[in-house]
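Q: Place chain B on chain A using the hints.
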Amino acid sequence: MNLVYLSYRYVLHKPLQSILHILLFALGIGLMLLVFQFSEQVLGQARRNVQGTDLVVGAKGSPLQLILCNIFHVDFPTGNIPLQEADRLAKHPQIEDVLPLALGDSYQGYRLVGTTMHALEWYGAKIEQGSIFKNVNEVVLGAKVAEKLGMTLKDGFHSSHGFSPENADSHEHFHFKVSGILSKTHTVADELIFCGIPAIWKVHDEHNESLTDTVEYVKYDLLPGSRVPAGSDREITSLLIKYRSPRGALQIPRYVNANTNMQSASPAFELARIQNILGTSSKAIQYLAIAIVVIAILSIAFNMYNAMQQRQYDLAVMYSIGAGFRSLYAVLVIEGMILALGGFVTGLLFTHLAIAYLAGEVEALSMLNTWKFVDMEFYTAIFSLFVGALSAFIPALKIRRQNSATILASG
Amino acid sequence: MGLILANLICFACHFKSIINIVCASNFFPCDSDSIVFLVISIHNLAFSYNEKSSIVFPDWKVDDRNPALIMGESGSGKTTLLQLMGGLLPVQKGSLVVDQIELASLRSRKLKAYRADHVGFVFQGAHLIQALNVAQNIRLSTMFSQIPNGMIPITELLEKLNLSDQRNKSINALSTGQQQRVAIARALVHKPAVILADEPTSSLDDRHCEQVIDLLLETCASYSAQLIVTTHDRRIKSHFSHQLTIPTK
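Those protein sequence lines, which keep their order, are chains A and B.
Counting in our numbering, the first sequence runs from 1 upward without gaps.
Counting in our numbering, the second sequence runs from 1001 upward without gaps.
The reader is advised that the hints may include incorrect statements.
[What the hints assert, rightly or not] Pairwise CB distance ranges (calculated): (1) Glu1210(B) with Lys14(A): 31 to 41 Å; (2) Val4(A) with His1208(B): 51 to 61 Å; (3) Phe386(A) with Ser1238(B): 51 to 61 Å.
[Claimed, not checked] Quick list of in silico lysine-lysine cross-link-like pairs, DSBU-like style, CA-CA up to 35 Å: (4) Lys1052(B) with Lys14(A); (5) Lys283(A) with Lys148(A); (6) Lys242(A) with Lys134(A); (7) Lys144(A) with Lys177(A); (8) Lys1160(B) with Lys398(A); (9) Lys398(A) with Lys1093(B); (10) Lys398(A) with Lys1169(B); (11) Lys184(A) with Lys134(A); (12) Lys60(A) with Lys154(A); (13) Lys126(A) with Lys91(A); (14) Lys154(A) with Lys184(A); (15) Lys202(A) with Lys134(A); (16) Lys1169(B) with Lys14(A); (17) Lys1160(B) with Lys14(A); (18) Lys1237(B) with Lys1061(B); (19) Lys1191(B) with Lys398(A); (20) Lys372(A) with Lys148(A); (21) Lys283(A) with Lys144(A); (22) Lys144(A) with Lys372(A); (23) Lys242(A) with Lys148(A); (24) Lys1093(B) with Lys1237(B); (25) Lys398(A) with Lys1052(B); (26) Lys184(A) with Lys148(A); (27) Lys177(A) with Lys148(A).
Since the hints were derived computationally from the structure, they do not count as laboratory data.
For every residue, glycine included, the Cβ atom is placed at its ideal position computed from N, Cα and C.
Only chain A is shown next, with the shape it has when bound in the complex (with noise of 0.2 Å):
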């Protein structure tokens, strides 16, 4: 018998009473929770995206939409750009790398990405399993694809036009193959399909016979440069720059307003703007589980508050048999915080439920991993504790000294 247990014995008193209080604070919790979880994951995956990346070029159009399109691959492309116009671009002296991406199939749902080779060293990617592209029919998938899919080295698909899976317009003329598939790289390139800039011109383009079958020259040594042929109508989607040095960020962007028909747009400014647009709604829900977890607590309090008048009996009790008013308190308090951790465990259950359902629900919530732990969460545990505590300092006022033998006096 000690205090720890006499608190639980009376959380399991009043087993309805508990009940609400936990489900309550886990509510609160539970809210707050997910914000940070969200916050974490998916904007944690968004800087992942973008790092690695300076500036996007692409067709003019709305750069965020350009942003979303090239890094995050969700919206549609702006348009196309000559890869003329490209190749010279990316000869510029503060430009230290390229990556050129052509965009407009997919397949079920996943989008199929004409690059170079170069791609892997880009996304931070390995080959698990097969080999690169090496002739114009072969795709390597993300690991998120082969998983979702169920596809292995040697499948073959058609890709369909658009980035809808309900599409039906398919491609049924050019037969894809699976030659490679990509290690887990926690960003978007996980849910990608990526093969050779040619094979995206071919599926779109039937009757050009001047394409080989190999994508020997889109290697990334070869894209800007000579083997484009002088004169070629070619276009792609975009072109991911990293600079050489700082300056490219003053000089390049300048560039390609005063110099091209092109538009350019930098990942970590448009991802500051989808913060932004997104931190106020975020906000806006931790105020909501704030104030959440402030009811649960302030009920845990008055309801203690209201059992002390037959509690008072009890701690009198106590008092008799030699608790001192600090152990009297203690039980109080540890009875708050039996509350406040069992809110805090329900809620953290719900927290991954909640994850686990969307990520299985939600196509762009996918990339949610159900069972990655936080260090909020490890904080919000500690801070549950606490006010879990301070919800029995109420009730607690109400102990006073003296009071026990006259308690006990009248009967």
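A: Positioned in the frame of chain A, the structure of chain B alone reads:
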């Protein structure tokens, strides 16, 4: 003069010793022939709840472990005396010795230890804790006491008080009589030297009154605890060899 001197010596004692074992002769110079250890000794004891009025208790001494009775009308202060004896209220003025311990010298921490180890209470109502079952309510008393775990006589007490079948029952499932027996077990389980019972029979009919008093006397005797009872109930007078009547003002 002698009395003043004795008091001075006594005060010096209070500050020096951890637990004062007070020799009776310090207080009663006239009894100089005896070095009897007093179980109860009240001398010049007064207590006031507020500044206006104070209760003055008559001097009393009990030098053996036979059961003692404190009589008095309602409001005479007998419950206050019992609570002073139990360490629930601090001694404000005068001297009060229970089980050879001078309570006037005990401050909060030692008073706490005194309540935990030396006395057991039987209140007017059973005042059992609803959140705990029968055995847990009894065990509760040992929470702050020094009694070693292996020596807690719960099973024995349950048997003695005819509660063995109730061991794991909830308090709500017990009759009033059973609840009172649990309260008696709770008062005895940590093997205190003194049991303080506040009006244990006042609400009972003659038959139950007799039963409860017999039970109290019997169980206290078998655990060699001295029983001190307050009451205004004249029916139980004959059971007690030591009696103190607190006069009504």
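Q: Please verify whether Lys144(A) and Lys372(A) have alpha carbons no more than 35 Å apart.
A: holds, 17 Å
Q: Could you grab the alpha-carbon distance between Lys144(A) and Lys177(A) and see if it respects the 35 Å cut-off?
A: Satisfied, since the Cα-Cα distance of roughly 17 Å is no more than 35 Å.
Q: Given the hint of 51 to 61 Å, check if Phe386(A) and Ser1238(B) actually sit that far apart at their C-beta atoms.
A: The hint (51 to 61 Å, Cβ to Cβ) holds, given that Phe386(A) and Ser1238(B) are roughly 60 Å apart.
Q: Can you confirm whether the C-alpha distance between Lys398(A) and Lys1052(B) stays at or below 35 Å?
A: Holds, at roughly 26 Å.
Q: Run the distance test for Lys1160(B) versus Lys14(A): straight-line Cα separation, threshold 35 Å.
A: holds, 32 Å
Q: Take a quick look at whether Lys283(A) and Lys144(A) sit within 35 Å of each other, Cα to Cα.
A: Cα-Cα ~31 Å, so holds.
Q: Should the hint that Val4(A) and His1208(B) are 51 to 61 Å apart at their CB atoms be regarded as holding?
A: This hint is violated: roughly 38 Å between Cβ atoms.
Q: Holds or violated: are the alpha carbons of Lys242(A) and Lys148(A) at most 35 Å from each other?
A: holds, 32 Å
Q: Sort out whether Lys1169(B) lies within 35 Å of Lys398(A), counting only the CA atoms.
A: holds, 31 Å
Q: Does 31 to 41 Å hold as the CB distance between Glu1210(B) and Lys14(A), or does it fail?
A: Check passed, 39 Å falls within 31 to 41 Å.
Q: Holds or violated: Lys1160(B) with Lys398(A), Cα cutoff 35 Å?
A: It is violated: about 38 Å lies between the C-alpha atoms, which goes past 35 Å.
Q: Compare the distance between the alpha carbons of Lys184(A) and Lys134(A) with 35 Å, and conclude whether the hinted pair is satisfied.
A: Holds, at about 21 Å.
In terms of the numbered hints stated before, the structure departs from hints 2, 4, 8 and 12, listed from lowest to highest.
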